[in-house]
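Chemist: Take a look at the letters that make up each chain.
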Amino acid sequence: MQNLSELMRRLVLSRVEFVLVGGFAAVAHGVTLVTRDVDICCRFSEANLMLIQQAFAELHPVHRSRPDLPLQLTPEQCSRLKNLYLKTDLGVVDCLGEVLGIGNYEEVLINSVEVELPYGKCRILDIDALVRAKEAMNRNHDKITVMLLKKIKEQQT
Amino acid sequence: MPGERDNEEMVLQETSTAQVADAEDIDLLLLKDSLAKTPWERMQANDDALNFGESLRAAMQKSHAKLK
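Chain order of the listed sequences is W and A.
Be aware that the first sequence starts at 1, since it is given in our numbering, and climbs by one per residue.
Be aware that the second sequence starts at 1, since it is given in our numbering, and climbs by one per residue.
None of these hints come from the bench; they were simulated from the model.
Be aware that one or more of the hints could be misleading.
Once the Cα atoms are required to be at most 25 Å apart in a straight line, the calculated SDA-like pairs of lysine to any residue come out as [stated by the list, open to error]: (1) W:K121 to W:L69; (2) W:K153 to A:K32; (3) A:K62 to W:C78; (4) A:K66 to W:L13; (5) W:K121 to W:H141; (6) A:K62 to W:P118; (7) W:K121 to W:E46; (8) A:K32 to W:E114; (9) W:K150 to A:K32; (10) A:K32 to W:N140; (11) A:K62 to A:E41; (12) W:K121 to W:N140; (13) W:K82 to W:P118; (14) A:K32 to W:L51; (15) W:K121 to W:K143; (16) W:K143 to A:M60; (17) W:K143 to A:K37; (18) A:K32 to W:S65; (19) A:K66 to W:Q156; (20) A:K32 to W:M137; (21) A:K62 to W:T32; (22) A:K62 to A:L50; (23) W:K82 to W:K150; (24) W:K150 to W:A136; (25) A:K37 to W:Q156; (26) A:K32 to W:E6; (27) W:K153 to A:L30; (28) A:K32 to W:N83; (29) W:K143 to A:K66; (30) W:K150 to A:L29; (31) A:K62 to A:N51; (32) W:K151 to W:K82; (33) A:K62 to W:L100; (34) W:K153 to W:D89; (35) W:K150 to W:L100.
Far from chain A, some chain W residues (derived; all Cβ distances over 10 Å) [as the list claims (entries may be wrong)]: (36) G30; (37) R43; (38) A47.
All C-beta atoms in this analysis are idealised placements derived from N, C-alpha and C, irrespective of residue type, glycine included.
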């Protein structure tokens, strides 16, 4: 059974260093499209990746493109991974080392805002950076998202 | 087995750098997951996504209100 809030709660409570990016960041800013997977940009250090592994440990995490491979990271793997595409019992989480149009985790962090969720604080990519990222991705659904984000910005000013 | 482990590491590197979408930028893995669900399960997943999105939107509005 999908439960994306629980996935987020586990990330926050496990003190994973991450910024919410992608479709749900757009939804947070007011976009009305529906999305399915949680995309986060995170620090790809061994310590942080191990926190992610720990956060989802009870949820049978596997690599999304190879569901036969459970998430069992080693320090060597952590040092070489660029992204982690995960599937858990509660839903899909894509962990990205960088965001196209923005840069690595540090850049993403600078371009994020903090919000208070019922279980703790979390950072979300800010609206201007999200527009830049979506414009850089330039897929069909990104174009629609950019149009909506720009409308939302107009409404806010 | 060390050989198996090496193979797994290679696969991991490939999956780590690969795109999960097809040539038309459609995430086929997500689509496959969706098709594996019953219509009722898809509706429940949709509800869950909407509820999660709503909680994020509410948190964002609250943070905007604080800034003002």
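Chemist: Could you run down the list of hints and mark each one as holding or not?
Modeler: Taking the hints in turn, this is what the structure says about them:
Restraint check for K121 of chain W and L69 of chain W: the C-alpha separation of about 32 Å exceeds 25 Å, so the hint is violated. Straight-line distance between C-alpha atoms of K153 of chain W and K32 of chain A comes to about 35 Å, which puts the hinted pair past the 25 Å bound. Under the criterion of a C-alpha separation no larger than 25 Å, the hint pairing K62 of chain A with C78 of chain W is inconsistent with the structure, at around 36 Å. About 23 Å separates the Cα atoms of K66 of chain A and L13 of chain W, which keeps this hinted pair within 25 Å; it holds.
For the given pair, K121 of chain W sits about 28 Å from H141 of chain W by alpha-carbon distance, which is inconsistent with the 25 Å threshold. Among the hinted pairs, K62 of chain A with P118 of chain W is consistent with the structure: their alpha-carbon atoms are about 12 Å apart, no more than 25 Å. Simply put, K121 of chain W and E46 of chain W have alpha-carbon atoms about 22 Å apart, close enough for the 25 Å limit, and the pair holds. The hinted pair formed by K32 of chain A and E114 of chain W fails the criterion: a straight-line CA distance of about 34 Å is larger than 25 Å.
This hinted pair does not check out: K150 of chain W and K32 of chain A have alpha carbons roughly 32 Å apart, beyond 25 Å. For the suggested pair K32 of chain A and N140 of chain W, the alpha carbons sit about 20 Å apart, so the restraint of at most 25 Å is met. For the hint pairing K62 of chain A with E41 of chain A, the CA-to-CA distance comes to about 32 Å; that exceeds 25 Å, so the pair is violated. Of the supplied pair hints, the one linking K121 of chain W and N140 of chain W is violated, its CA atoms being roughly 32 Å apart against a limit of 25 Å.
Under the criterion of a C-alpha separation no larger than 25 Å, the hint pairing K82 of chain W with P118 of chain W is inconsistent with the structure, at around 31 Å. Of the supplied pair hints, the one linking K32 of chain A and L51 of chain W is violated, its CA atoms being roughly 28 Å apart against a limit of 25 Å. At most 25 Å may separate the alpha-carbon atoms for a hinted pair to count; K121 of chain W and K143 of chain W exceed this at roughly 29 Å. Taking the CA atoms of K143 of chain W and M60 of chain A, the gap is near 22 Å; set against the 25 Å cutoff, the hint holds.
For the given pair, K143 of chain W sits about 28 Å from K37 of chain A by alpha-carbon distance, which is inconsistent with the 25 Å threshold. Only pairs whose Cα atoms come within 25 Å are accepted, and K32 of chain A paired with S65 of chain W is accepted, the gap being roughly 11 Å. Of the supplied pair hints, the one linking K66 of chain A and Q156 of chain W holds, its CA atoms being roughly 15 Å apart against a limit of 25 Å. Annotation: proposed proximity of K32 of chain A to M137 of chain W holds, straight-line Cα distance about 22 Å (limit 25 Å).
Distance check on the hinted pair: K62 of chain A and T32 of chain W sit about 18 Å apart at the alpha-carbon level, within 25 Å; holds. A threshold of 25 Å between alpha carbons decides the hint, and for K62 of chain A with L50 of chain A the separation of about 18 Å falls inside it, so the pair holds. For the suggested pair K82 of chain W and K150 of chain W, the alpha carbons sit about 30 Å apart, so the restraint of at most 25 Å is broken. Taken as a hint, the K150 of chain W and A136 of chain W pair is honoured in the structure, with Cα atoms around 15 Å apart against an allowance of 25 Å.
Taking the CA atoms of K37 of chain A and Q156 of chain W, the gap is near 39 Å; set against the 25 Å cutoff, the hint is violated. About 22 Å separates the Cα atoms of K32 of chain A and E6 of chain W, which keeps this hinted pair within 25 Å; it holds. Simply put, K153 of chain W and L30 of chain A have alpha-carbon atoms about 30 Å apart, too far for the 25 Å limit, and the pair is violated. The suggested pairing of K32 of chain A with N83 of chain W holds, with an alpha-carbon distance near 21 Å, which does not exceed 25 Å.
Using a Cα cut-off of 25 Å, the hinted pair K143 of chain W and K66 of chain A is violated, with the two alpha carbons roughly 31 Å apart. Note on K150 of chain W and L29 of chain A: the hinted pairing is violated, with a Cα-Cα distance of about 30 Å set against a maximum of 25 Å. Straight-line distance between C-alpha atoms of K62 of chain A and N51 of chain A comes to about 17 Å, which keeps the hinted pair within the 25 Å bound. For the suggested pair K151 of chain W and K82 of chain W, the alpha carbons sit about 33 Å apart, so the restraint of at most 25 Å is broken.
The hinted pair formed by K62 of chain A and L100 of chain W fails the criterion: a straight-line CA distance of about 28 Å is larger than 25 Å. For the hint linking K153 of chain W to D89 of chain W, the alpha-carbon distance of about 36 Å lies beyond 25 Å, and the restraint is violated. Proposed proximity of K150 of chain W and L100 of chain W is supported: the alpha carbons are some 19 Å apart, at most 25 Å. With 10 Å as the threshold on Cβ separation, the claim that G30 of chain W sits away from chain A is violated: the shortest Cβ distance comes to roughly 6 Å.
Non-interface call for R43 of chain W relative to chain A: holds, since the shortest CB-CB distance, roughly 15 Å, exceeds 10 Å. No Cβ of chain A approaches the Cβ of A47 of chain W within 10 Å, the least distance being about 18 Å, so the stated non-interface status holds.
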